[in-house]
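**Student:** Those protein sequence lines, which keep their order, are chains A and B.
Using the working numbering, the first residue of the first sequence is number -15, and each one after it goes up by one.
Using the working numbering, the first residue of the second sequence is number 112, and each one after it goes up by one.
Hints in this document: simulated from the structure, not taken from any laboratory.
Honestly, I wouldn't trust all of these hints.
In silico contact screen, one side only, chain B against chain A (beta carbon under 7 Å); selected entries [as the list claims (entries may be wrong)]:
{"no.": "1", "residue": "T530"}
{"no.": "2", "residue": "D531"}
{"no.": "3", "residue": "G546"}
No residue lacks a Cβ here, since even glycine has one placed at the ideal position from N, Cα and C.
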Amino acid sequence: MSTAAPARAVTGVDRPGAAAPRRGRGRLHGLQWVGLAYVAPAVAVFAVFVLYPLYRTFYTSLYDYDGLTAATWVGLENYREVLTAPELREALLHSLVFLVFYAALPVVIGLALAGLMSRIRVYGLTVFRALLFVPQILSSVVVAVSWRWIYDVQGPLNDLLRAVGLDQLTRGWLGDFSTALPAVGVIGTWVEYGLCMVLFLAGIATIDREQYEAARLDGAGPIREFVSITLPALRPQVSVALVLTITFALRNFDLVWNTTRGGPGTSTTVPSVFVYQDAFQNREVGLASALAIVLTVVILVVVGLVLAALRERGTGARAARGGARA
Amino acid sequence: MTANCSSRSGSWCRTPRVLASGAVLVTTSLALLSCGAPGGETSSSGPATSVEDEITAPVTPEQVAELGDVTLTVWADQAEQPLLEQVIPAYQEEYPNVTVEPSYRSFDDLIATVVNAAASSSPPDVFQGNIGYAVDGALVEAGLVRPLDDVASAYGWDEAPWESSLGPARWNADASAFGDGTLYGVSPVTEIQGIYYNQAKLDQLGLEPPTSLEELATDLQVAQDAGEQPIMLGNADQYPATHILSDLAAADGDPADIRAWIGGQEDATFVTDGNREAAQTMEEWAQAGYFGQGYDGVSNEDAIARFANGEGVFFVGGSWNGASLGEGFGISALPQGGSGAIASPWHVSASTDEVPAAAAFLGMLTTQESAQQILDGGRLPVVTEGVAGATELEQQTLDALEETVADEGQVGYYDWTTTDMLDVMGGSLQEVMAGRTGVDDFLETVQSDWADARAER
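Could you put the whole structure together from the sequences, leaning on the hints where they help?
**Tutor:** Have a look at this one:
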């Protein structure tokens, strides 16, 4: 077992190291040991706080274990249970819905805001930027409690609906079977769009102004400018934003737990709610570990797919642009 | 990547390999720190009370003094803080060689962490658990808590009113069923379920406090016809509706059946007429709008706050809600039912070196003086003799408790019966109330979760 983890350790850390010497080949030979000394603390911390817990989680997932008394080896039985449980499939579906609210929407909104902010000169832009970023720095429990109030039967959202005469739409948004899932989703959108916006604004700042001038000389309007220059240039930021938001969407626990606890019924359950319940309420630590491992693999696969998709198109587009310019 | 590397030559390859061996070192040495299967080091056999630790009479200050200067670490629900802030100074005065170090957590925090704390190398000496399999069952099964039968006879907990109240803290030998067997915990605080009412609104509507569920059902319609919300309910946490369900079931059915089912007795079943009628009533009331709109999105705290502010005519719930209600509110016990039970039991760590000090601490929590302090703090004491409520509501609640206990109506809570029953029953009941699941499906879902849990034990 102990040899499996180091293999992962290497794939994790060798990329930067491998890339640099590749450029210099033999030249960096003498410096390698010094370089190693520099990364050693980081590797040690990574191993202790990431790899070792990961390995222990995997190890525990092979046992029937209540967290206290002696565990019994069950092999892959926990995984079979995880993959066949209907309530987990439902939870995974909810996670997919959350991908739209937690990842797709924030990226779109972030792009729109960043595009606007980079064009329009607003007095006190920094203040606006900071305000829009606030949701990202608030504690998620604070966010959840605030939104519970907003969504409340007597909360401001329903007050607003009543004020404009849409009385028939008012409801306890988090307590209604049909609206609870999107309602929790919108909270995620609100939390994440500020992060996307700030990432994109930083990306836009690095775009050469001459490109915009050239486009304008060619008669491009604001939309054309955004689609032809801003958007392609932001590809790396978009992929970073997607990695962060997708991870957040799939492992999301605190927002769900503090707003609905998975209810009403099972309408907002997500896999991490079951990880928590199995580990801390049901004392089925092995099962919870297996589910956590499956969740980790799902996140890695989805993020990997997104990265691969964006990277491929990225080089292709860049090559095409280069060709056009030549 | 490592495998590829070893087969290739070239200096750039060396870095990862050295890193790999470094990582191997780190991980293997970490792996060596942990031995064998998870939890292999914990013995699963219960501890035997050693003879010299046996408590045969109430502990005297001299016996405690023999321990020398010691510290008694205590983990408690933060709801206990007002009580302990009165009990601890009195305790330290009587037993001056003991320093009590309390640490308070929210209930959710406490039940999520106390089992691991009790299993750690430095467990608290005295701590609160929670009735049911998730906490107390795990503590008993792993042998982490000391049996308290000797302390019980020394302090009179084997007599009324304690004897019947402490049932849920008794476990059988393999911790597969509770309600009977060895005593592992004691709680000076008890709870009942009841119907809270807003007196001013009853007067307006020309109603008397209901004394039966039939009366309540009629009153609900009257309230609704008058444009009031009949019952204030906040069911976001899913348990409040299950409590109302159990009240209805305990009133309709036999409390003994319910107790047997909760305690995990063989052949017990949830599919009873009492539960079916109760679930049907819940559905009817919800569909009729008696619980108002959006109750699944309102927390219990918000609901009781609204009720205290004059919204809703009735609030059906546990006696702990009474602390939020001021003048103008009353409580009716639910006749021949009312459920409720003792609150989180106090345990003594099986590995504590200060058994006499711990026993003396529990002894002090269970005196009549503490009982009065518990009532003054807005909760209900197990000891009711010689205890008087400061407000009308407190006195009414105390009377309701005595009635409920006399009726043997303290059946406990449905969600004790399996570790995930709260989620299963709570979620499923929400579906019944929303008209999305039939009552029979609900009963089957609950019973099959119960049977699965029994099969695993």
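**Student:** Please list, smallest to largest, the hint numbers that this structure does not respect.
**Tutor:** Going through the list in order, the structure violates hint 3 alone and respects the others.
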